[in-house]
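Protein chains in written order, with numbering that gives the first Met the number 0: chain A, 0 to 339; chain B, 0 to 339; chain C, 0 to 339; chain D, 0 to 339.
FYI, nobody ran anything at the bench for these hints, they're computed from the structure. It is possible that some hints are incorrect.
Since copy identity is lost for identical chains, a pair holds within one copy or between any two.
Pairs of lysine-lysine residues, derived as BS3-like cross-links and limited to a Cα-Cα distance of at most 27 angstroms, are as follows [to be verified]:
1. 160 x 271
2. 133 x 188
3. 160 x 188
4. 112 x 133
5. 111 x 188
6. 271 x 133
7. 160 x 111
8. 111 x 271
9. 203 x 160
10. 160 x 112
11. 112 x 271
12. 286 x 203
13. 112 x 286
14. 203 x 188
15. 112 x 203
16. 188 x 286
Number of protein chains: 4
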Amino acid sequence: MTMGFAVIGAGTWGQSHAKVYAEHPDARLMWVCDTYLERARQVAALHEAQAFTNDYREALADPAVDAVSVATPDFAHSEIVIAAARAGKHVLCEKPLATTEAECLAMIEAAKKAGVKLMTGFHNRFSPPVFQAKQALQDGELGDVLYIYYRLSDTIFVPTKMLSWAARSSVLWFIGSHVIDTCCWLIGKPVRRVHGLSRSRVLKGMGIDTPDFYSSTLEFEGGAVAVMENCWVLPETLPTIVDVKAEIVGTNGAIFMDTSSHRTIQKYTQHKGSYPDVLVNYQVHGKSMGFGNECIRHFVDCVTQDRTPLATGEDGLRAARIVLAIEEAVRRGAPVDMPA
Amino acid sequence: MTMGFAVIGAGTWGQSHAKVYAEHPDARLMWVCDTYLERARQVAALHEAQAFTNDYREALADPAVDAVSVATPDFAHSEIVIAAARAGKHVLCEKPLATTEAECLAMIEAAKKAGVKLMTGFHNRFSPPVFQAKQALQDGELGDVLYIYYRLSDTIFVPTKMLSWAARSSVLWFIGSHVIDTCCWLIGKPVRRVHGLSRSRVLKGMGIDTPDFYSSTLEFEGGAVAVMENCWVLPETLPTIVDVKAEIVGTNGAIFMDTSSHRTIQKYTQHKGSYPDVLVNYQVHGKSMGFGNECIRHFVDCVTQDRTPLATGEDGLRAARIVLAIEEAVRRGAPVDMPA
Amino acid sequence: MTMGFAVIGAGTWGQSHAKVYAEHPDARLMWVCDTYLERARQVAALHEAQAFTNDYREALADPAVDAVSVATPDFAHSEIVIAAARAGKHVLCEKPLATTEAECLAMIEAAKKAGVKLMTGFHNRFSPPVFQAKQALQDGELGDVLYIYYRLSDTIFVPTKMLSWAARSSVLWFIGSHVIDTCCWLIGKPVRRVHGLSRSRVLKGMGIDTPDFYSSTLEFEGGAVAVMENCWVLPETLPTIVDVKAEIVGTNGAIFMDTSSHRTIQKYTQHKGSYPDVLVNYQVHGKSMGFGNECIRHFVDCVTQDRTPLATGEDGLRAARIVLAIEEAVRRGAPVDMPA
Amino acid sequence: MTMGFAVIGAGTWGQSHAKVYAEHPDARLMWVCDTYLERARQVAALHEAQAFTNDYREALADPAVDAVSVATPDFAHSEIVIAAARAGKHVLCEKPLATTEAECLAMIEAAKKAGVKLMTGFHNRFSPPVFQAKQALQDGELGDVLYIYYRLSDTIFVPTKMLSWAARSSVLWFIGSHVIDTCCWLIGKPVRRVHGLSRSRVLKGMGIDTPDFYSSTLEFEGGAVAVMENCWVLPETLPTIVDVKAEIVGTNGAIFMDTSSHRTIQKYTQHKGSYPDVLVNYQVHGKSMGFGNECIRHFVDCVTQDRTPLATGEDGLRAARIVLAIEEAVRRGAPVDMPA
C-alpha cells in the first residue's frame, strides 16, 4: 500500500529522508518543508515532491500525508513532533528525540493519544557491524558483556561549519545519544549509574559555548560497563569527518569495530586523502544505500505494514535521561545514580 | 508489476537469489530447482517458493515464470541458459557466463533470438567501494588510469571443501572473471594483450587438478595495465575466506581498496577470530543485504521495468575471451595479442 | 668502560635483560639469579654469564657486580632492590616499582643513601611511536593535550598461564602502571584527581582473585584528562597477546597509535594467525631489538656514563600512588583527589 | 677496536651513515665528502667529523680512514667505489651497486684484488618484518614459496622534488633493486626468467624521462614466482612518501606485510595527516634507530670484527642483472631467460 510522507527539515539528513521516500515503492514524497524556502524548493524539485513550504503546518494539514520525518535541529523537535502526532501523522524523529525529559514525555504522550507511531532515528541499530555484534551477543558467542568502549567523535568541522546551532546542542546530545542507545540495545539492561566529565576550551575559545568532549561511563544492572568518548574538536585533516571505534568485551569473546577508518576504500586526489563512506549514507547507481537509509526504509515499512519501529519514542526518552544524568554527573564531579 | 522468478541451482549463491526474489515486492519466487531434490525442497520451503524440482525443465515450462537465475557450477551454465531463453525467460546467469567462447556466443544468440534479457552476475559493479572508484574515474578525480593491481583470492577451503567441481573450473574462471570484468568496467577500453603464468602444486598434490594461482596482466588500448592475482590456496587460518585488495593508480590520484580485511568488524570467540562480512552478502534484521544481493535486485528491476542489465551477456563473453587468452599465454609462456 | 651486571629474576623479561647485558660492548653479564636454580643455570649458559645462583645475595656480594636488574614478580621487588642499593649496586627495577607506597619510599631512600641510581623499567618512554608523540607535543604540533585514551590489555593467557602470581598483582599494577607513567610523561603535569571502576567475574570464577578489567580516569592539573582501559580477559584467539591502542587529542591536532594490531606483518600458518612482534622485544640476525631492550641499554649507558635514567624511582613512586588512588576510588565508587 | 670511517655523498642517506658512524662506539667519523662543499661542512659539523671536503680523493688518501660509505647518486657509484677499494678501504655502497653489469663486475674485482669488503646497502635484509618472514621460511612454517607479491612505490615527490637525477635512474633501479634483492634473499634460488612492462607518461610529460611504473615478474628455479610493482607517481597526498606491501604465499602458510601504512602511529596536525616512520630511519632520544641504520651498523661490525657483510657486491651484481633483464623484457615485450 502506498502512503504519503513529508519531510520537515531539509538539511543533510532531511535530504536523505526525502530521497528514500522518493525511491520507496510504497511511499510517495508529498512535502518538503524547511524554514529556508529555497532549500525546501530545491530538495522538493530534486526528489519530485508534490509540494514544498517553509511552514510545516501546511504539510501537517494535508490529508494525503500519512507520516512525517522530523529532521530539524536537536532543540526543535518536540513542537513539530507533537503537532504532527496531533494531526494524526506517524513520526520518524531524528535523534536526540528532545533535549529535556519533559519534552520527550510530551512527545510520547501525544503519539500515544493520537494512536500514531513514534520512531527515534537511532540508525546504528541498522548498522551491519553493530547488528552483527548484537547477533553475536544474542547467539551467546561472546558470553555476557563485561564492558564496551565506544568512541563516536566528529572533526571540528561539524560544530563550527556544518551546524549553525552547535552551542544549543552538544557532542553528547548530537552523537553521544547514538552511542547511549547502541550500548543500551546491545547490553539489554537498564543503566543504574553514570559518571562523566567534559572540558570546554577550544570551541568556547571560538565563541561556541559547548564542551570539546565528554568522557562518560554507564554502569548497567548486572555489572556491565560502557565507557563512551565523544569529541567535537578532532582535526579536519582526518580522512573522515567522523571517528568511530568500538570494542565489546564479553566473558567468552570480544568484538572490535571501526566503522570510520576501516579503509575499505581510500581515495587520494591531488588535493586530499579521504575514506569515502561505504557504510552509512552513500549512493550506488543513484540509489540510496547505507544503514542510515535503511533506518528510514524501516520506518516506511512500519507505517505501511503497521509494525512497531525498532527504536521507539521510549528509546529516545531513555537516551535523553542518560544524557541528562551524565550532565548532572559532570556538574557534580561525582557519579549519579539512575532510578530503577 | 509483480513477475515470477525461478532459481536453478540452489547452492550458496542460488539460495541468495531465492531469498532476494522472495523478499522483493515486485517478484514472486515460483520455483527452486536443484539436482539434489532435498536441497531444492528445503530452500523452497525456507523462502516459501511455489514449487521445487530436480528437473529445471519443469520450471521453464511454467508460464508463470518470467525469469530465471542460473547458479549451477561454472561448466553447467550454457545448456540451461539456452533452454531458458528458448522458453522465453529472462536470465540472470552467475559468472563466468560459460567456459568456452562457443557456449557464450550460443547463449547470447539464444537470448537475442528469443528477445529476452541475459545478465551476467558480475556483482562487483554494485560493490560500494568499486562503484565509488568508478565514479571517481568518471568524475576525473584520478585522471586516466595508469594501472590497476587487483587481488582476489580464496583460502584453500573453497576448492577443497566448498566446491566439489573445482578441477572442472579454476581460480581464474571462478573469481578471476570477476576481476577481469571489474577492470574492464573501470578502465572502459578493450584489452589488447594479455600475459599470465600459473603453477600447479598444492591442489594437484591433493588430487584436484587445477592451478594453485594465476598471475595475469592485461594491457588495455590506450596503455592502461591491470595486474591480477588469483590464488586458491591461502591458509584457512585467515580471518576471511576471501582476500581482496585493489589499487588504482591514475595520472592524478589513486584509490586503494581492501574489501576483505578492512576490519570494520572483528569477532574473536573462544574458537576463532573472524571478520564477519558486512559488504557482500549478509543479513540485517532478517533482510538480505550486501552488493551481491543488490546485483540480484537489479535483475528484478530490469525485468519488471524493462531495462537493460548493467552487465550483459556480452560482458560475460568478453571476460571469457580474456580468460581463454590468459590460459593461452600461460601455455605459450609468452604474451598473447587480442583481436581489435 | 666495561662494567658488571647481574640479573635477578630470570623469567620472560629477566632473560631479555641478560641478553642485552651479554650483547652490550660496555657490559659484562656476571650473574643470573632465579629462585629456580635450573632456570638460572640455563639462562646463564645461554648468555655466557660468569655465574648463576638461586640466592641473589651471592650476586650482591660480588664486587665485580656494578649494577643489577630486578625482574622478579611485582610483589617481590622492594626487598631485593633495597638490598642491592645497600650493597652499592645501581638498580634497574621492572615496573611496578612496588605495590605499596611505603616500599617505594624505602627503595628510593635506600638508593639515595647509597648514592646509586634507581631506574624504573617504564620502557614505553623508548617506544618509537610514543616517543614520536612526545616529540610532537614538545614541538607544539598538537597544541595542549585535551585528553588521552589509552588501552593496554592482555589476553587471558597472561593472568592464567604466563603468570603464576596474577592474584597477587592486578592488571592495573602489571600493565596499568605503564599507561599511567606514559600519560604522566606525555602530559607533563601532576594528576589531581582519579576515578576508576573494575569488575571481578571471569578470573575470580577461575579461582584467580583479581579484577577482569579496570576503567580509570586521570584528571591532570591544567585540565587534561586520561582515560585508561586495562583488561586481563581478552580471548586467546586474538593474533597478539597484548592489545594496545592510544589516542592523544590536543587543541591543534591528534595522534592515534596502535602498537599491537598494526599488521606491519601478519603470519598465517596451518595452525594459527598471528602478528609477530616487530616493536617491543624481538631479534634480528640474533641481536636483541625493540624498545623493551632499548630501555635496558639505556640503563647500561646511564651506569657506564654516569647519567640519570629517564625513568627514576620517583616515577615509579608516582605511578604507584596513582594506582593506589584508583583502587581507593574503585572501593569508594567515587573520585579521589590527589594531594598537590 | 675503533676504526675510521668516511662518508662520500652527504644527501638524505649519507647523513644517516654519518650519524651512525658518529654514534657507534667502535667507529670514528673521519670525513664527510660532498660535491656541495657547504653541505659537507654542515654534516661534518653536526656529527663532529674530523674533516670535510668536496673531493672524495682527499678522504681516500687519509690513512686514518679504514672504510667508506658511498651514498652518491645511482649512476655515480662505480668510480668512487673502485677508487676506494684501490686505496684499501672497505666499502659500503648504497643500492643499486651500479647500473651496468660491467661496472658491477669492475667494482667487485677491485674489492677482491684489494682484499677489502664490499657491501651493498640492501637494508631490507635488516627489516624486522622481512627478517621475520625469512625466519618463518627457514623454520618451514610456510612450506615452500609459491609466489611473492611485492610493491615498493614512491609518491611523485621522490622523482620530481627529492632527486635531481631521477631521469638518470628509474624507479626500477632506485627501489626495484631493493625488492629484487629481498625476493632473491627470501626465496634463496636463482631467477631463471623475467618479464616486465612499464609506461612513460606522467613524468615524461613533466620533462623527466623515466617510466612512471614497472610491473615485473621473476620466475625462480624450482617454480617460485615474484610479482613486483614499482611506481614513482603516487599522489603526494598519501600519508607516507613510500608505499610498501608484500605478500608471501607458501605451500603451507602465508605472510602479509605492510611496512608503510600500518598505522602504528598516525599524526594529524592542522596542516596534514601523516604516518611518522617508526621502522626504517628515525630517532629516539637522539639516537639513530630503524633498520636502515642497523644495516649501516652491520657494516661497522663487519669491518671492525672482520666478518662478511650480509649483502655483498655479488648480491648487488645479481640485482643489477635482473634489472637489466627486466628492461630487456620491457623493450622486447616478451619474457627474457636468464643464464643458469
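Results for each hint:
Taking the shortest Cα distances, residue 160 and residue 271 sit within 27 angstroms of each other both inside one copy (19 angstroms) and across copies (19 angstroms). For a Cα distance limit of 27 angstroms, the shortest separation of residue 133 from residue 188 inside one copy, 13 angstroms, qualifies, whereas the shortest one across copies, 41 angstroms, does not. For the identical chains of this complex, residue 160 and residue 188 are neighbours neither inside a copy (37 angstroms) nor across copies (33 angstroms), given an alpha-carbon limit of 27 angstroms. For a Cα distance limit of 27 angstroms, the shortest separation of residue 112 from residue 133 qualifies neither inside one copy, at 32 angstroms, nor across copies, at 50 angstroms.
In this assembly of identical chains, residue 111 and residue 188 lie within 27 angstroms of each other by CA distance solely inside one copy; the values are 24 angstroms within and 54 angstroms between copies. Proximity of residue 271 and residue 133 under a CA criterion of 27 angstroms is satisfied inter-copy only: 18 angstroms between copies versus 36 angstroms inside one chain copy. Within a single copy, residue 160 and residue 111 get their C-alpha atoms no closer than 37 angstroms, and across copies no closer than 55 angstroms, so neither meets the 27 angstroms cut-off. Taking the shortest alpha-carbon separations for residue 111 and residue 271, neither the intra-copy value of 49 angstroms nor the inter-copy value of 47 angstroms comes in at or below 27 angstroms.
With identical chains, the CA atoms of residue 203 and residue 160 are at most 27 angstroms apart within one copy only, with a shortest distance of 15 angstroms there and 42 angstroms across copies. For a Cα distance limit of 27 angstroms, the shortest separation of residue 160 from residue 112 qualifies neither inside one copy, at 39 angstroms, nor across copies, at 58 angstroms. Taking the closest pair of Cα atoms, residue 112 and residue 271 never come within 27 angstroms of each other, the shortest separation being 52 angstroms inside a single copy and 51 angstroms across copies. In this assembly of identical chains, the alpha carbons of residue 286 and residue 203 never lie at most 27 angstroms apart, being 40 angstroms within a copy and 41 angstroms across copies at closest.
For the homomeric pair residue 112 and residue 286, neither the shortest alpha-carbon distance inside one copy (37 angstroms) nor that between copies (32 angstroms) is at most 27 angstroms. For the homomeric pair residue 203 and residue 188, the shortest alpha-carbon distance between copies (23 angstroms) is at most 27 angstroms, but the shortest distance inside one copy (36 angstroms) is not. With identical chains, the CA atoms of residue 112 and residue 203 are never at most 27 angstroms apart, being 42 angstroms at best within one copy and 50 angstroms at best between copies. Taking the closest pair of Cα atoms, residue 188 and residue 286 come within 27 angstroms of each other only across two copies (26 angstroms); inside a single copy the shortest separation is 37 angstroms, beyond that limit.
The earlier numbered hints that this structure contradicts are 3, 4, 7, 8, 10, 11, 12, 13 and 15.
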